[in-house]
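S.K.: Residues per chain are reported as follows:
Number of protein chains: 2
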Amino acid sequence: MELIDGNQIAAALIAELKTEVNAISGRKPCIALIRIGDDPASLSYVTKKEKSAAEIGLTSRIILPPVTISQPELFALIDQLNADPTVDGILVQSPLPKHINEVAVFGRVSAAKDVDGFNTLNLGKIAQEDETGFAACTPAGIMELLARSKVDLKGKHVVVVGRSLIVGKPIALLALQKKAGANATVTICHSGTSNLPAMVRQADVLVAAIGRPEFITADMVKPGAVVIDVGINRVPDATKKSGFRLVGDVHFPSVSALASKITPVPGGVGPMTVAMLMKNTVKAFRLQTAH
Amino acid sequence: MELIDGNQIAAALIAELKTEVNAISGRKPCIALIRIGDDPASLSYVTKKEKSAAEIGLTSRIILPPVTISQPELFALIDQLNADPTVDGILVQSPLPKHINEVAVFGRVSAAKDVDGFNTLNLGKIAQEDETGFAACTPAGIMELLARSKVDLKGKHVVVVGRSLIVGKPIALLALQKKAGANATVTICHSGTSNLPAMVRQADVLVAAIGRPEFITADMVKPGAVVIDVGINRVPDATKKSGFRLVGDVHFPSVSALASKITPVPGGVGPMTVAMLMKNTVKAFRLQTAH
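As you go down the protein sequences, you meet chains A and C in turn.
Mind the numbering: the first sequence is residues 0 to 290 in numbering that gives the first Met the number 0, read in order.
Mind the numbering: the second sequence is residues 0 to 290 in numbering that gives the first Met the number 0, read in order.
Treat the hints loosely; a few may be bogus.
Any copy will do: because identical chains look the same in the list, a pair fits if it lies in one copy or spans two.
[Stated by the list, open to error] With a cut-off of at most 30 Å between alpha-carbon atoms, the simulated DSS-like pairs for lysine-lysine come out as follows: (1) Lys153 x Lys50; (2) Lys239 x Lys47; (3) Lys221 x Lys153; (4) Lys97 x Lys177; (5) Lys282 x Lys149; (6) Lys221 x Lys47; (7) Lys97 x Lys178; (8) Lys260 x Lys178.
It is worth saying that the hints were derived from the structure and are not from the lab.
Work the whole structure out from these sequences, hints included.
M.R.: Structure follows, in structure tokens:
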């Protein structure tokens, strides 16, 4: 069994982006990070993104509206950044306060600056294999992990468990694309799938994104499968100071004994997300400035 | 075996739309049909659409630019129709002359008037289960055929053969939606699928959209499966006056003996396409005029 080390692969990607950005003369790509209020999870995510941007040499502009910002005010802020030629990518950090409509906010960000890949137009572009689109960072990160672990999906059966808009559907569409590394046959399963274990057992490459701790057990995995675990779940653990530990959607101890390659949690898909955000920002810069 | 009669189901839908449109007071929904040049296939398609529109009581506006129209001129024409509040739906009939970029033309039609469902934004909306989107007429017609034939996809395994943008991908996304009648587990196969027969044999509901005459044979079909044949292929036939006959992607004589329900070719999916175009036009009218 080979561990797919997300930390190491993300570090390699970040190093490459650093070299690439270093070679850009003049204005560097810029990402605007909007963090509303003081939610601790938001704070930690934005800090991580800011740090990665700095490491690569990207400019980041941190905007910290108060938690009381109204939706029209937030729209006005986004419109201003959409119109600003010195801003290439815009990210509105979730979770957002309850009085703000998250989908409407993601839709307000210009598709050309939607480096998070949550805009409807970008989802359509992924389906259309239009290379000017931005794939959401988690599924894009999975494709990068697979490519850099020498897993070619051509002729393989990819089984995705979970049909979310942010992971399940876009990873299915990416795996299906007619380009090198992709070209898979794809099955999408979910909580309503009949005989889920038998369906999942067909996977040459299994993507678990169902949001249930250790749901995928050894009996559901074909020996030799490549297993990508997208889940991050807290389970109570009295032996930990925090009182919990993080587990994925895959029961790692039993499944790792069967898999040919597998991502750990944490340290698998997670670290790729921030790296792909940076990659999307550089791409947005190139598309908008024709560099 | 029960034959799914597309002519009959389309006629029922058209009758319902007629009643619905009759009840609209004031301006009736209007579809603009652009037919460029005198391609005989285009002519026959547009005539059929015009006739259906008239039968339902929709207004149709037929625009016949010469085959020499330039792309900028065509764009200007589309822009004018996009801006016209008395036009609810716009269809640019393919095939287009070679000097016109088809994808660019489909993208030029306003998403709100894209009753053909080819616009990138509408494809994204199908993935997002946004009910304001327009599904392309063929996959939308398949969902309608299934619903009116009392085939509930919930818990079923739908296998789609073919990953085209106009049929394969949207039908997969529609079958996967979390709404009544859908909720299927979905597999998308294609020409690069390993062991295609075994994969297709899993289908409770099989959608054949691969564009190869009589490709799906009895050995690839599970007894009792529902079979939807999207293909329309001409094969030489010396016994016919025309010298050819139409066949689907399914070998009807052998597969119909196994299937619980099956669509014929012609007379299955085909007739639904025009009916769904009319349904989309009424929907576009309602969304734009808030009727």
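S.K.: Which holds for Lys239 with Lys47 at a C-alpha limit of 30 Å: within a copy, between copies, both or neither?
M.R.: Within one copy, since 24 Å is at most 30 Å while 70 Å is not.
S.K.: Are the CA atoms of Lys97 and Lys177 at most 30 Å apart within a copy, between copies, both, or neither?
M.R.: between (40 Å within a copy, 24 Å between copies)
S.K.: Since the copies are identical, ignore which copy is meant and state whether Lys221 and Lys153 lie within 30 Å (CA to CA) inside a copy, between copies, both or neither.
M.R.: both (18 Å within a copy, 26 Å between copies)
S.K.: How would you label the pair Lys260, Lys178 (within, between, both, or neither) given a Cα cut-off of 30 Å?
M.R.: within (22 Å within a copy, 36 Å between copies)
S.K.: Can you give me the call for Lys97 and Lys178, within, between, both or neither, at a CA distance of at most 30 Å?
M.R.: Cα proximity of Lys97 and Lys178: across copies only (25 Å, versus 40 Å in one copy).
S.K.: Regarding Lys282 and Lys149, is the shortest C-alpha distance of 30 Å or less found within a copy, between copies, in both, or in neither?
M.R.: Intra 23 Å, inter 47 Å, cutoff 30 Å: intra-copy only.
S.K.: Reference check for the pair Lys221 and Lys47, CA-CA at most 30 Å: within, between, both, or neither?
M.R.: Intra 36 Å, inter 51 Å, cutoff 30 Å: neither.
S.K.: Within a copy, between copies, both or neither: which one fits Lys153 and Lys50 at a CA-CA cutoff of 30 Å?
M.R.: neither (36 Å within a copy, 46 Å between copies)
Of the hints listed earlier, those the structure fails to meet are numbers 1, 6, in rising order.
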